[in-house]
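> Given next are the chains, with one letter for each unit.
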Amino acid sequence: MGLVTPARLRFPEPLALASGGVLANYELVYETYGTLNADASNAVLVCHALSGSHHVAGYHSEDDKRPGWWEHHVGPGKSLDTRRFFVVACNNLGSCFGSTGPASINPATGRAFGPDFPMVTVRDWVESQARLADRLGIQRWAAVVGGSLGGMQALQWAIDYPERVAHAIIIAAAPKLTAQNIAFNEVARQAILTDPDFHEGRFYDHGTEPRRGLRIARMLGHITYLSDDIMREKFGRDLRGGKINFDYQVAFEVESYLRYQADSFVGRFDANTYLLMTKALDYFDPAGNTDGRLASALAPVKADTLVLAFTSDWRFAPARSREIVKALHDNDLNVSYAEINAAHGHDAFLMPIPRYVEILRSYMDRVYAGHPT
Amino acid sequence: MTPTRLDFRIIGDWMKPQSRVLDLGCGDGSLLAYLAESKGASGYGLEIDDAHVSECIRRGINVIQTDLDAGLSEFDERSFDYVVLSLTLQAVRYPDRLLEEMLRVGTEGIVTFPNFGHWRTRWQLGVLGRMPVSAALPHEWYNTPNIHLCTLRDFERLCEREGIEILESQVVDHAHRQRLALRLFPNILGEIALYRFRRARLP
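For the protein sequence lines, the chains are A and B, in the order given. For reference, each letter of the first sequence is one residue, going 1 to 373 in my numbering. For reference, each letter of the second sequence is one residue, going 1 to 203 in my numbering.
No lab work stands behind these hints: they were computed from the structure. Any given hint might turn out to be false.
[Unchecked claim] Here chain B is said to cover these stretches of chain A; the calculated rule only asks that three of the stretch's residues, wherever they fall, bring their Cβ under 8 Å from a Cβ of chain B: (1) 87 to 93; (2) 322 to 331; (3) 334 to 341.
The beta carbon of each residue, even a glycine, is placed where N, CA and C say it ideally should be.
Bound-form chain B, shown alone (with noise of 0.2 Å):
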């Protein structure tokens, strides 16, 4: 039994007991085992990549194999409490529509993506002149499916301009380890940011 990731025990810790979820990018399931096991969630994830796909079936986790590009028109409005996104809103085509589809079928959405704004992935850039490289962003530029990378700020600004009400956040390392220094200054130091959000209500 590998220890718990941070990131997945923010999640779960996040939502409220016996949730439906509905998981964007599932890989192999890890997240929806952990948040059955856990929380007692139920849902089904949506996954694009074979391996994982085989996974998933091989360890008994509701897995609908597709593109998320595709958008989640399969799904009914308020379908599920939440709808998770784990590192891959970089990854999809159109990040403000994936946000508000999340909305249109779950009460509240969860994203966790790697920071752009971290200190090692500015100095990279800013100072050596290079795409950043690091753990939270192992690919090199001409091979990297990361094609919508933002900072905490960036990611803030669209929920702002979207209507998005951000409910929760929190920021981890790329060992999904959190510290003072982390709470205080997370667009420099967190690696991995976390948020929990809902469609704003009008005033």
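Only chain A is shown next, with the shape it has when bound in the complex (with noise of 0.2 Å):
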């Protein structure tokens, strides 16, 4: 994608969120590819997940090392072709990336919000990015597109603006989580609010960081997002230096891979957006309105949809993907289902899997065909 530079815009106006917090006003940050046409029809919006960005493609500098996290799908000739579409991708409040967030300033105090920084949901992110969308200028998008809690705000959209989205594209993603994932995330949490570097969220002020929960925390992550066939054949009981030493060193290259992931995340994420995320993931539920019944919660829907999962996804499995393609379908809506193959887990959904590539790039080009040039 090339040399792509980070826009931010200030909105005034508060934001009255589902906790009944209210922000008075907030930035986003967001970054844009390829160029908007000129009754705006070809704008795609592409959502994060949990540690995630707007940083979806490109590079910020020459001398970066590692581009945006969905390059493999965003650019010039590929699924979401930049020659195209005008893609979008927001950072989303509460994060660490830019966007107000619980290590922005708070106003009121002149001091960083840590634990005052209210609770966002999936929706309240969905109300910034629509009122991001008005600023841009833009109607109605060709595509929402997000995997995991990505997808989970492509469903929102569609849901909350069924006028404004004509294809939602929801991958690797739930329609709420179950106990276990609850559980999985509630671990995290309890890692980094028992940390003694925690300070009850205040840690800015005292110029340090629950690093120790925050590297647990992230460690328990990825367990979730690899599957037991991918950990086995990455790493299977590989000895990282040949031999057991009979201490607590690193012994196997998995605990090699787990704690180089652990320390790459701490100082460049922040522990109170680990928690507001993981708890936007926890909260989120459509049909929690409808008396669990999903398909009445997706009434309003009126985009066309597709749904991709992947075979090794245990964190949200195919099936849960299917509750979502059933709500679709029960309310006799466009939907197209694809399961790819795939070892890598929850993962996958970042990964450049050819049939996943292949699939996104047809259902893209229908996308293309179908909107007004």
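Got two chains here, separate frames each, mind docking them using the hints?
Next comes the structure, spelled out in structure tokens:
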């Protein structure tokens, strides 16, 4: 995708949140790729997952080592072809990558929000993204796309703004978390909350951060992102130094991997954001207002939808995606579902798996063919 | 534009316009595309094969990747006007249960299958003593997906046993043509059988 520069917009009007809280004003950081056409009909919104950001594709500088998190799918000639589409990616409220979040300065107190940052939900994100769309002059998205927590936003968009979403692409998602999903999130949160350096969320004031808690949370997360098979394939029981030393240093490759992932997360990610994002996941349940009936919750939807799942994903298994598919066809909506063979587990939605790329590309061809030029 | 296959045309002619259709084993979506075009039908195809699913998505056919042997439990009763099973009955694990399921989720069922009673099949098995291979049944015995082959008479007997009322039937040859002789001796000359049926009303 080449070099990209994030943009920033300030929203002075208050945002009422699902929690009952209010953000008096806020800023959103976003990136765009490609060109918005004259009638603003070629815009595609990419929603990010738990630890993602607005940096979907390209590089921020010449010596940037890693491109955006969906570089395989976004760019000229790629599935989300930036020669055709104007791709927008917004950093969610509560994040730590530029949009207003717990580490931002609270104008009411002059210091970091910390624990005073209100709880944000998937609905709140959609609301804030809709305001971003207004400011960018986008009345209707040609498609709203996302994986995992991003897929939940795509679904929420289709429910909350039926007239503003032509297509929704929901990848490796679920209509709500299971008790097991919530349990994993709770262990991650407990790791952070009980870290002595957490300081009730005011660690910024103490010039520290709950590194230990955040590390454990990230390690736990990574276990749920991978499948048993891919862990066996990648690491097996391979030993780091070739032999067992009977101590608590790294012995197995898998330990080394988890520690590396943990280390690279700390310093890059904010512990309060991690708490918020996992709560947004836990609370997501569009059928919560309709007696648990997802089909009723999806009754307002008008978008055509593509739902994708990966065979080895046990975090949000294919059966969970099928619940979304069922609720959509129960409403006689246009929906297609493909299950992609992949060993990578939940992480597969970030990978350049040929069939995944092909299906996304085919579907986007159809989105392009359907949008008025 | 390829000329319309006769079996598609027969199925289309059997359907009321603007129907809701579920196509089981929809392949590349040709039948659904034809029905949408010619009869204003809408609905979904179920398909297990990766390449076919990709093709459906490419051409804008609603497709759900699934294994028919896992059943149709995600579909509610009477969700469709027609449930179609085109050249797939013989490849499923429990044809009888699938027929039941078809009439649970649909008002009517339409089934097409290769007729194992065709004279060439009978000749190959009965005289040459070999498992039949033909245009309608192109596989060898060791690699065929067709595990439940039947004749017209077999199918009709199953329908009777299951309380299924046959509303219409046709046979065509492997090039999907119809001829007078076919009508006279369907179980000998018909290579592909087509049936439209519904749950028999209680007397």
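> With reference to the structure, classify each hint as holding or not holding.
Hint check:
With a cut-off of 8 Å between beta carbons, the segment 87 to 93 of chain A has 0 residues touching chain B; three or more are needed, and the interface restraint is violated. Note: the segment 322 to 331 of chain A has 5 residues with beta-carbon separation from chain B under 8 Å; the three-residue rule is met and the coverage holds. Only residues whose C-beta sits within less than 8 Å of a C-beta in chain B count toward coverage, and the segment 334 to 341 of chain A has 7 of them, enough to reach three; the restraint holds.
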